[in-house]
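K.L.:
Listed in order, the protein sequences are those of chains A and B. Under my numbering, the residue at position 135 of the first sequence is numbered 135, and the numbers go up by one with no gaps. Under my numbering, the residue at position 34 of the second sequence is numbered 34, and the numbers go up by one with no gaps.
Think of the hints as simulated: they come from the structure by calculation, not from any bench. Be careful, since some hints might not be right.
Stated by the list, open to error - Here are the simulated lysine-lysine pairs, DSSO-like style, with alpha carbons at most 27 angstroms apart: (1) B:Lys317 to A:Lys167; (2) B:Lys335 to B:Lys317; (3) A:Lys3 to B:Lys317; (4) A:Lys203 to B:Lys10.
To be verified - A short list of chain A residues far from chain B (calculated; beta carbon distances all over 10 angstroms): (5) Ala27; (6) Ile33; (7) Asn61; (8) Gln69; (9) Asp144; (10) Gln148; (11) Val151; (12) Glu161; (13) Asn172; (14) Ala186; (15) Glu191; (16) Leu201.
C-beta: ideal position from N, C-alpha, C; glycine also.
Listed here are the chains, written in short residue letters.
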Amino acid sequence: MEKFTQLTAIAAPLPLANVDTDKIIPARFLKTIHRSGLGVHLFDTLRFDEHGAERPDFVLNREPYRRAQILIAHENFGCGSSREHAPWALLDFGIRCVIAPDFADIFYNNCFKNGILPIRLPRALCDALIDDVAQGDNARLAIDLERQVVVRPNGQEIPFEIDPFRKHLLLNGLDDIGQTMAHAGAIDAFEQNRAAAQPWLPKTTRA
Amino acid sequence: MSGPRTLFDKIWDDHVVERLPDGTCLLYIDRHLVHEVTSPQAFEGLRAAGRPVRRPEATIAVADHNVPTSDRRHGIAEPESRLQVETLERNVADFGVPYFPVLDERQGIVHIIGPEQGISLPGMTIVCGDSHTSTHGALGALAFGIGTSEVEHVLATQTLLQKRAKNMRIEVAGQTPAGSSAKDIILAIIGAIGTAGGTGHVIEFTGDAIRALDMAGRMTVCNMAIEAGARAGLVAPDETTFDWIKGRPYAPQGADFEAAVRYWRGLASDPGAVYDKVVRIEAATIAPMVTWGTSPECVAPITGAVPDPAAEPDPTKRAEITRMLTYMGLQPGQKLAEIPVDVVFIGSCTNGRIEDIRAAAAIARGRRVARGVRALVVPGSGLVKKQAEAEGLDRILLEAGFEWREPGCSMCLGMNEDKLTPGQRAASTSNRNFEGRQGPGGRTHLVSPAMAAAAAIAGRLADAREFL
Ligand code: SF4
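Start from the sequences, fold in the hints, and give me the full structure.
P.N.:
Rendered as structure tokens:
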């Protein structure tokens, strides 16, 4: 997983609430067996018309937002399915950070597993950032994860909250399976205790 | 934790392997259900790291999302779907994971077959790379959807790193009126609290109306807890639960079953347990419901009308409603019961159980699907299909002009060939009415199985109570 430390990049405004995972990546593109390559289908129905031509008014089809690495949206971003194809598609397009008033739980989790930083900011601040980045080529924001701030084009810093453990994993690009493997002894002991306390439980599985 | 605890607290506490300094818990996972869409990249990751599956026997795999629902003895024609199913078959063989093959009668939608086989049991932690894992919460299990990275994490370690969710209780008090079903209860709840109403919470459904539901109904309710934004849904296990589990293939048998029931009885929330959020809904107010927009919270009784965006004071919401009505091809003020439908879909993990098919057949009996309407019935599993055929429900439905198909997710998400075409309008017993969910440009109205059957007969959205 790629580390996330600092990012200065174009931010695209997407002032929509309830952007669901079917909007981010429609189900018909889930037939892949690999993680990469989904970026071309990101926001497919919003980005392309029924003949596959770009919809010129959609933000990611306009300059400079075609090169956006940050997305700013409204409430409940990523609601719907648990499909990790949603963060994969965002990442494959180049998005490394999504800012919104709040996120659906599973999507929020999935972001961290893929090196994407989801930032929760109050709606008024999201709208202020959307106003900032609507100014074409000045549409750049800076994110500093170490210091937990979003820097506006005018230099003002907006602090954000993030779970320390998740921050640590992102900053170091750590895979959490490796972290958990360090607890293998505790998992073994847990399994044995559980089987002893509820002897019927192990009999409910078949190899 | 001391003091009175909720059902969720008890299951959670029972599964904490370790608590990390920041409060994140390493949570033990009892059952892991795997399907073909969200697992290939997880197995790919294990292979790359040279890691085995820690407990293959606690894992069960099935292909459901993009299997064809027509005759499939000759395999899967669509190359990408075939590749996903073949990849799953290779992965389960390589890693020794139990698997129900496509032609096995136990094959079906992952959330139907887990409970059906007794693989999902009360008090367990159950995960699957699929948000509707919340379905299994109907048994009194903590069941939730995870992403593919977490699928890989569970395969490798049988645990997950999790933050404890908050407790929410939704009490559905009193008695649901005749003609209203479990689907109407959950749609009414989502209408009341919104699609973010349960975010960060595990919802425990309580109250007489929930107690009165059979297991199928409880599964319908918990299935859509995710549509209310919740991490999971739960119903405390009771006699209805134990009777239903008894004798299922993977369930404990004989003295083991008795021992298990003793443990399960202790899971119910303690009197005085504290919830972070409490909502109460009067069951008597719940009529047969139908959605009119592209979010499950956009719902109204079938006797109602399409809302008028002009009446919405918040400009953002007003714009959203307008956008939805354009997509849905609806007029403000239009009567819901006058909206014509092109397609009816009865199935999915929300409403693909035998009880759902019985409810549809009861309406279809002796009637005809309206001209020009395509009506599909897709059983949730091979065993549901077999049971329905033993009861003659397939004959009733076929004679009425419904299609009777092979089990799978089908038109719930349009990954196989069962799709809406642009502009087509469906009454669907599934769980999501998002834009394009059932096919690009397709328009979805979520309803109960009885309401879907009534729509098929009437050729428009219709009040099932008029057909009883
Ligand atoms: S039936 Fe629909 S909601 Fe259920 S698992 Fe399949 S695709 Fe998901």
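K.L.:
Compare the structure with each hint and give your call.
P.N.:
Okay, the hints, checked on the actual structure:
1. Proposed proximity of Lys317 (chain B) and Lys167 (chain A) is contradicted: the alpha carbons are some 34 angstroms apart, above 27 angstroms.
2. A C-alpha spacing of about 21 angstroms is found between Lys335 (chain B) and Lys317 (chain B), which places the hinted pair at or below 27 angstroms, so the restraint holds.
3. A distance of roughly 37 angstroms separates the Cα atoms of Lys3 (chain A) and Lys317 (chain B); the hinted pair therefore is violated under the 27 angstroms criterion.
4. Note on Lys203 (chain A) and Lys10 (chain B): the hinted pairing holds, with a Cα-Cα distance of about 22 angstroms set against a maximum of 27 angstroms.
5. With a cut of 10 angstroms on Cβ distances, Ala27 (chain A) falls inside the contact zone with chain B, its closest approach being about 5 angstroms.
6. At roughly 4 angstroms from the closest C-beta of chain B, the C-beta of Ile33 (chain A) falls inside 10 angstroms, breaking its exclusion from the interface.
7. Every beta carbon of chain B lies more than 10 angstroms from that of Asn61 (chain A), the smallest distance being close to 18 angstroms; the non-interface claim holds.
8. No Cβ of chain B approaches the Cβ of Gln69 (chain A) within 10 angstroms, the least distance being about 21 angstroms, so the stated non-interface status holds.
9. Asp144 (chain A), annotated as away from the interface, keeps every beta carbon of chain B farther than 10 angstroms; the closest lies near 21 angstroms.
10. With a least beta-carbon separation of about 15 angstroms from chain B, Gln148 (chain A) lies farther than 10 angstroms from that chain, consistent with its non-interface assignment.
11. Consistency note on Val151 (chain A): stated as away from chain B, and its beta-carbon is indeed over 10 angstroms from all of that chain's, at 26 angstroms minimum.
12. With a minimum CB-CB distance of about 13 angstroms to chain B, Glu161 (chain A) clears the 10 angstroms threshold, and the non-interface call stands.
13. Annotated as non-interface, Asn172 (chain A) keeps its C-beta farther than 10 angstroms from every C-beta of chain B; the closest such distance is 15 angstroms.
14. Listed as outside the interface, Ala186 (chain A) is inconsistent with that label: its C-beta sits roughly 5 angstroms from the nearest C-beta of chain B, within the 10 angstroms cut-off.
15. The non-interface label for Glu191 (chain A) is inconsistent with chain B: the shortest C-beta to C-beta separation is roughly 8 angstroms, within 10 angstroms.
16. At roughly 8 angstroms from the closest C-beta of chain B, the C-beta of Leu201 (chain A) falls inside 10 angstroms, breaking its exclusion from the interface.
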